[in-house]
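Protein chains: 2
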Amino acid sequence: MYRTHNCGELRIANINENITLSGWVKKIRNLGGMTFIDLRDRFGVTQLVFNMETHPEMCEQARNLGREFVITVKGIVTERSNKNKNVATGDIEIIVEELSLLNKSKLPPFTIENKTDGGEELRMKYRYLDLRRDVVREGLILRHKMAKEIRNFLDSKDFIEAETPVLIKSTPEGARDFIVPSRLNTGEFYALPQSPQVFKQLFMIAGFDRYYQLVKCFRDEDFRKDRQPEFTQIDCELSFIEQDDILNIFEGMVKHLFKTIKKIDLDNFKVLSYDDAINMYGTDKPDLRFDMKISNMNNIVKGLGFKVFDDSEYIGGICAKSCAKYSRKQLDKLTKFVRQEQIGAKGLVYVKCNEDGSYKSSVDKLYSQDELKKWAEKLNANSGDLLLLLSGDKRHTLNALSELRLEMASRLELLDNNKYSALWVVDFPLLDWDEENKRFHAMHHPFTSPKKEDLALLNSSPEKVKANAYDLVINGTEIGGGSIRIHDKELQHKMFKLLGFTEEEAESQFGFLMNAFTYGAPPHGGIAFGFDRLVALFNGSDSIRDVIAFPKNNSGRDIMINSPSTVDNEQLKNLNLKIN
Amino acid sequence: MYRTHNCGELRIANINENITLSGWVKKIRNLGGMTFIDLRDRFGVTQLVFNMETHPEMCEQARNLGREFVITVKGIVTERSNKNKNVATGDIEIIVEELSLLNKSKLPPFTIENKTDGGEELRMKYRYLDLRRDVVREGLILRHKMAKEIRNFLDSKDFIEAETPVLIKSTPEGARDFIVPSRLNTGEFYALPQSPQVFKQLFMIAGFDRYYQLVKCFRDEDFRKDRQPEFTQIDCELSFIEQDDILNIFEGMVKHLFKTIKKIDLDNFKVLSYDDAINMYGTDKPDLRFDMKISNMNNIVKGLGFKVFDDSEYIGGICAKSCAKYSRKQLDKLTKFVRQEQIGAKGLVYVKCNEDGSYKSSVDKLYSQDELKKWAEKLNANSGDLLLLLSGDKRHTLNALSELRLEMASRLELLDNNKYSALWVVDFPLLDWDEENKRFHAMHHPFTSPKKEDLALLNSSPEKVKANAYDLVINGTEIGGGSIRIHDKELQHKMFKLLGFTEEEAESQFGFLMNAFTYGAPPHGGIAFGFDRLVALFNGSDSIRDVIAFPKNNSGRDIMINSPSTVDNEQLKNLNLKIN
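Line by line, the protein sequences give chains L and F.
Quick note: the first sequence uses the numbering used here, first residue 1, plus one each step.
Quick note: the second sequence uses the numbering used here, first residue 1001, plus one each step.
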């Protein structure tokens, strides 16, 4: 037997018990006649004591162990004279009477401590050692607990968890599919699902009523920041349901998670229309942990002779509280920030609202004190505040203002990681115009239903049609999104047409779904959450990689197992494939 | 709002309530002035009443609905005069006051009833309609419940559910991999996992202690009876554990499932060594719902002049209770049965143990009554029983006897579908000699550890080495299997060598694992269960297809979505691939 107890459970109550423990050598300390070993397993750390006087040979053996050696010890639980309040087992230690070495260990390439000396590349190569660090393992245990609570919640609401196939069919719409050559049907391919979208809709048509699944999804993207080619989704769909019901149920789920996992009672979620989110925050994923709304300044600043503003489609501003004292250098830095390529503003106009009631701006020659006062009023500024204005075409300027808003929040330390502000963004546009290819894309996906009241616009001004679509945003991160779906063949057909599908493409790719609509499809809708992202949020991680056991790097490579890799010619021959 | 209640929950206590229901029209009956509709959803069926006198237009509309139309009704719950005890809602009906049509339905290609008129091909093509049948949906709800109870059990035993990657690396050992071309690393491929074997072992090396996962696995096999290219596994691994602990914990899990799902207290599982299973039942998956052991008859029947037996390596027999009265025709049928190609016996020797104490056999000219009496004694036969003997080489004859045993059990109606007999088969051989390729295969897999006491045989007689491997068999079906793993680099290395890996192959495919063993790998072992198979057993299904929402057919094709399918040339070009 390898153990009677784990390394985290012995207490004063166990004193004098004969026990057996197994685990890893975390630390060895030699103090004259005694040797102390911290023995670690998943459950904790227990102190072992070896006595040179009573067991000289064993003590010698203990001294020759190394970090991360695996051992089993038999011994007696004893009260410590020198208790350690920082460790759950700190009241006791084990007087060891028998020691067996189970496995040796080379010196790990980095220290197995929460603060490690290993860089990311090294830790990923030895991910099995990285996972030994408490802080990494705790993130994965958190993931397990969250999955459990999600299932508990959805099970209590009559959802059925059902599995959908991983080997499905490629559909060129959307992101790029990973494809899988079929050997039994040569020249043909499966694709890995980007989401189980059509299958969950088929479950609704099949009368499953409420479905969910924690499910792996796949996207063959060029790797952007913090994306993984495979990721996990909480995928849900409901029948006989309206948008408000869905927001209500899943607000409940997220609150349940915060309550059970983090002991936090979340406030009721705010709701913002897409248009309001864009106009007030410059983004459909606003961080509402702080206010700092954007104001449209057009009416106030235009037509007074400043050519830059007069020629701009849009001028917007924000008010940074208590930043009037910003130095020339700090303001130059901000200007540099907004001029970065990924933000793309041409310049920054500022107004300092001085403590004495006067205004000092970068456009003093063009605007009077009275005019600047109106700016301050529009932006609800007080003396001591700093106004920041950007101008240009509306879309890009709002986007730049959104970035500037986050930058100022960060400088003002308004991004409290222990504060959570959740928001539903609703009333998304149905379609998104792709100027380059002169065509519409579905803003959400091709199965999202237009608002009933906008149906008439589908022919005349499709770009104005709003969708029954919604996103959940927490602290500026999109955590989930969904929509009420189309359940009518004709409307779905029209939608495919708007998106530029030919009849043949629509039929060959989604014919089975449109056919299914003709056999009594119920009204239905759903939502999907990025599970990795949600766990990262709960874990306070910057990257989803922290909460994925074996993540891939930015080139989609698992550097531990060295994958992808070449395959045997025999394998390619069986698949009737050739590498060009 | 689509509904205040579902179609399965209204009772006498709801009488006089104004309710709204939505669902599918299951049946319409016109009875003079009244029209009755059975409205169905996942939760049940509720009877709707339309009155021609009070609501002539609506009643007319109701009469024109068709099967599987989707409707919403508002109405009042009323007590039925004619109660239906077979339906949970049978005490009430709804007097409908408002009817809305949500969606029409074409006439389904088969009836949506438990006993349907649709053949398998048609039902698979319209799987979303097949899934509407109660009996199919109940199988998937059972699957959901079983997954939940498995998680409950393992969570209570300190297991962590952790996800392993789906895009991994191809290893030619074992079954064929599905491979996935990488676009970002052209010429290279991921593979889909046949199981998360190496990752779960890495979790143990990472100190996770107890891991499980309900996980999709993939095998590109030529389709045999009731196999699917993707299937679901309950995958488990534990550290600091011995074989008995594993049997104990997972016997507990299976008992928990039977108890919570089927309300059955399962007997303690029998344990048989592989050798005993083969010798007593001719198979390592014996069905122990009935006895009918095989006996080795060599000592009794050989050397008495019957050339067929004298020349046979092995003669084995079984005793079929109360079958002495079998007719010539019945015996001819049995002979034909054992001569089938897939069973492959050359002939059948029978002995009838007559009621008068005499014996009548197909070898009366060769064996005396006294000799036949010894046969009967060896097989514990009573008068009225029938002895059946087969002969030939040991391996094939035992296999044929196993099939004959099952055939007789079926004829004797001993295969009670409501009886469950669970068995651990242990002490498997480590290696399996492949006569054709003159090499060893791993009986379980290359990571299975040999028994300590057999280690010395690894060099001299590897075929004699037993493994720390075990299978769970219920009613003759293999439900799960596992082993204590190798955790020592040298031993793993030796194992790969025995299996014919070159140094380079072992290093390039499993170098990361052997390297991981050198950083303090703990002793560990695990088990995996075929979840589809387990659900099918609980559901009384012959095929795992019954308990998979969207299964593939025998050519690996999903005929509903028509997958696999051809892909765009553009996609192949991006992957730098060409079809030969």
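The hints are simulated quantities; they were obtained by calculation from the structure and are not laboratory data.
Being a predicted model, the structure only gives us computed values, none of them experimental.
A virtual CB, placed ideally from N, CA and C, is assigned to each residue, including glycine.
A hint or two may mislead.
Unchecked claim - Incomplete in silico selection of chain F near chain L, CB under 8 Å:
{"#": "1", "residue": "G1044"}
{"#": "2", "residue": "L1129"}
{"#": "3", "residue": "K1451"}
{"#": "4", "residue": "L1455"}
{"#": "5", "residue": "A1456"}
{"#": "6", "residue": "G1520"}
Comparing the hints with the structure gives:
1. G1044: Cβ of G1044 (chain F) sits 11 Å from chain L, so the hint is violated.
2. L1129: Hint holds; L1129 (chain F) Cβ to chain L Cβ min 6 Å, cut 8 Å.
3. K1451: violated (17 Å)
4. L1455: violated (16 Å)
5. A1456: violated (21 Å)
6. G1520: At about 3 Å, which falls below the 8 Å cut-off, the nearest Cβ of chain L leaves the hint on G1520 (chain F) intact, so it holds.
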